[in-house]
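Novice: The lines below spell out each chain.
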Amino acid sequence: ETGVTQSPTHLIKTRGQQVTLRCSSQSGHNTVSWYQQALGQGPQFIFQYYREEENGRGNFPPRFSGLQFPNYSSELNVNALELDDSALYLCASRTDRVSDTQYFGPGTRLTVL
Amino acid sequence: AQRVTQPEKLLSVFKGAPVELKCNYSYSGSPELFWYVQYSRQRLQLLLRHISRESIKGFTADLNKGETSFHLKKPFAQEEDSAMYYCALTPGSSNTGKLIFGQGTTLQVKP
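Just so you know, the sequences run in chain order A and B.
Numbering-wise, our numbering puts 81 at position 81 of the first sequence, and it's gapless, one number per residue.
Numbering-wise, our numbering puts 21 at position 21 of the second sequence, and it's gapless, one number per residue.
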């Protein structure tokens, strides 16, 4: 098992609320990506952070935002939650070597009622 | 458009039978292709990547640029191979963590 952890494991929110999901990467992993995985689908890329700056974004609205901190932790924030935001949220971290692979966390299951 | 297609949601085989999980991709350029696997109650993990040209747990995958395919094969399936398999690509020329995944195929190996 890798050192990528995510919290919380499960979360229930109501429509319109805001949520913050957390990820702790392995030491030395300065790149973190976030994915949304709806039931029965493959993960979809939300965005990537490199050295605390966003440097790549998928097809997600601005109410999805993130932060990356110097201590290899990061956050995914979602404002104005919608029912379709219900999904498993995965973070994945890696070094900045092109040959390196990504290591995934176990995910946070978000349910929006 | 960048897309990965895995046409089978479920593939069921008997132990010892050959396995082929299909993956087709759409991408203008030279992507890097991967297979990820998720065993029951475990996290998503890399199985193999095409640039490594290696065999992992008896699985191999050959990139066919003409057919834009990256099928995963194993000559003799084992029960412990039962899992969800995802094919994915990333732009090969940029240092990005952006992976584009297919919808996944559940492999069920029956005793």
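None of these hints come from the bench; they were simulated from the model.
Predicted, not measured: the structure shown is a model, and the values here were computed from it.
Treat the hints with care, as some may be off.
[Claimed, not checked] Calculated Cβ distances over 12 angstroms to all of chain A for the following chain B residues:
{"hint": "1", "residue": "13"}
{"hint": "2", "residue": "84"}
{"hint": "3", "residue": "104"}
[As the list claims (entries may be wrong)] Just a few of them, taken from the derived set where beta-carbon distance is under 8 angstroms, the chain B residues facing chain A:
{"hint": "4", "residue": "39"}
{"hint": "5", "residue": "44"}
{"hint": "6", "residue": "46"}
{"hint": "7", "residue": "56"}
{"hint": "8", "residue": "57"}
{"hint": "9", "residue": "83"}
{"hint": "10", "residue": "97"}
{"hint": "11", "residue": "98"}
{"hint": "12", "residue": "99"}
{"hint": "13", "residue": "101"}
{"hint": "14", "residue": "105"}
{"hint": "15", "residue": "108"}
[What the hints assert, rightly or not] The calculated lysine to aspartate or glutamate pairs, modelled on DMTMM-like cross-linking and capped at a C-alpha distance of 20 angstroms, are:
{"hint": "16", "chain 1": "B", "residue 1": "98", "chain 2": "A", "residue 2": "96"}
{"hint": "17", "chain 1": "B", "residue 1": "9", "chain 2": "A", "residue 2": "100"}
{"hint": "18", "chain 1": "B", "residue 1": "110", "chain 2": "A", "residue 2": "100"}
{"hint": "19", "chain 1": "B", "residue 1": "98", "chain 2": "A", "residue 2": "82"}
{"hint": "20", "chain 1": "B", "residue 1": "15", "chain 2": "B", "residue 2": "67"}
{"hint": "21", "chain 1": "B", "residue 1": "65", "chain 2": "A", "residue 2": "54"}
Idealized CB from N, CA, C, for every residue including glycine.
Novice: Given the hint that residue 98 of chain B pairs with residue 96 of chain A, does the C-alpha gap stay at or below 20 angstroms?
Specialist: 13 angstroms, holds
Novice: Examine each Cβ of chain A, and state whether all of them lie more than 12 angstroms from the Cβ of residue 84 of chain B.
Specialist: 9 angstroms, violated
Novice: Identify whether the interface hint at residue 46 of chain B stands, where standing means a beta carbon of chain A within less than 8 angstroms of its own.
Specialist: 5 angstroms, holds
Novice: Please check whether residue 99 of chain B passes as an interface residue: C-beta within 8 angstroms of a C-beta belonging to chain A.
Specialist: 6 angstroms, holds
Novice: With 8 angstroms as the cut and Cβ atoms as the points, is residue 98 of chain B at the interface with chain A?
Specialist: Constraint on residue 98 of chain B satisfied, holds at 5 angstroms.
Novice: Please verify that hint: residue 108 of chain B, Cβ, nearest Cβ of chain A, below 8 angstroms or not.
Specialist: 16 angstroms, violated
Novice: Have a go at the residue 39 of chain B hint: is there a Cβ in chain A nearer than 8 angstroms to its own Cβ?
Specialist: Since the shortest Cβ distance to chain A is 12 angstroms, the answer is violated.
Novice: Verify the proposed pairing of residue 9 of chain B with residue 100 of chain A, using a straight-line Cα cut of 20 angstroms.
Specialist: Not OK: residue 9 of chain B and residue 100 of chain A at ~29 angstroms, beyond 20 angstroms, violated.
Novice: Does residue 100 of chain A lie within 20 angstroms of residue 110 of chain B when you go C-alpha to C-alpha?
Specialist: 35 angstroms, violated
Novice: Would you mind confirming whether the straight-line C-alpha gap from residue 98 of chain B to residue 82 of chain A stays at or under 20 angstroms?
Specialist: 24 angstroms, violated
Novice: Are residue 105 of chain B and chain A close enough, Cβ to Cβ, to be under 8 angstroms, as the hint says?
Specialist: 10 angstroms, violated
Novice: Would you mind confirming whether the straight-line C-alpha gap from residue 65 of chain B to residue 54 of chain A stays at or under 20 angstroms?
Specialist: Answer violated: residue 65 of chain B to residue 54 of chain A is near 32 angstroms, above 20 angstroms.
The structure is inconsistent with the numbered hints 2, 3, 4, 7, 8, 9, 14, 15, 17, 18, 19, 20 and 21, although it conforms to all the rest.
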